[in-house]
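Here the structure of chain V is known, so what remains is to put chain S in place on it, guided by the hints.
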Amino acid sequence: KNEVEQSPQNLTAQEGEFITINCSYSVGISALHWLQQHPGGGIVSLFMLSSGKKKHGRLIATINIQEKHSSLHITASHPRDSAVYICAVEETSGSRLTFGEGTQLTVNP
Amino acid sequence: EAGVTQFPSHSVIEKGQTVTLRCDPISGHDNLYWYRRVMGKEIKFLLHFVKESKQDESGMPNNRFLAERTGGTYSTLKVQPAELEDSGVYFCASSQIPGSAGGYTFGSGTRLTVV
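Which chain is which? The protein sequence lines are V and S, in order. Under this note's numbering, the first residue of the first sequence carries the number 1, and numbering increases by one thereafter. Under this note's numbering, the first residue of the second sequence carries the number 110, and numbering increases by one thereafter.
None of these hints come from the bench; they were simulated from the model. Note that the Cβ used here is the ideal one computed from N, Cα and C, for glycine as well. Incorrect hints may have been included.
[Stated by the list, open to error] Which stretches of chain V does chain S cover? Using the computed rule of at least three CB atoms under 8 angstroms from a CB of chain S, they are:
| hint | region |
| --- | --- |
| 1 | 42-49 |
| 2 | 87-96 |
| 3 | 100-106 |
[What the hints assert, rightly or not] Okay, derived cross-link-like pairs now, DSSO-like style, lysine-lysine, Cα gap no bigger than 30 angstroms in a straight line:
| hint | chain 1 | residue 1 | chain 2 | residue 2 |
| --- | --- | --- | --- | --- |
| 4 | V | K55 | S | K153 |
| 5 | V | K54 | S | K153 |
| 6 | S | K153 | S | K163 |
| 7 | V | K55 | V | K68 |
| 8 | S | K150 | V | K55 |
| 9 | S | K150 | V | K54 |
| 10 | S | K150 | V | K53 |
| 11 | S | K187 | S | K153 |
| 12 | V | K68 | S | K153 |
Chain V on its own, in the form it takes in the complex (with noise of 0.2 angstroms):
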């Protein structure tokens, strides 16, 4: 079982719904990042968190250290939110992140 589980695995949603990505962890940890990557792309950091909520434009990250869950959430979603969203923890222990497998998520217009 990985220390990072992310669902759903994969999301189709059509333009402007309302979508949330669940992020849940086994292990202690000092920070929470949500990445993006688009197809063929690198890795975009959206957001680096350590407790409670953080807004970036359409999206929203939320983290509940006692339950060791997270969600990522787009507001009016667009096909170009189209991509694949990742989890990752740094453990407490150390510096180097484990990742969740990803939501590909895509958005029809």
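Frame of chain V; chain S shown alone:
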């Protein structure tokens, strides 16, 4: 400020050949990480440099993989001899201080295909 640069962006080699991947971190970033994603799996840690020293190489899969960071600037990851299961995307990341507080920045990755 230039980001983390990786090259080549794509490489297709035959089984048994040697390939060298390169990562140029952000200037001044002492910490450099290599990760890879093989088909259908999550991204996994390979190793962590602090300047020219290997801080943690516990993720290196076997002795066919050799990473170096001479002078503490750019890093190379050599695979010799390459096997089919080495195919995947190899990512590099750098940070000024260890971990997220130092601002992880990722490169675009090198897609390696071994045929």
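Hint numbers not upheld by this structure, sorted from lowest to highest: none
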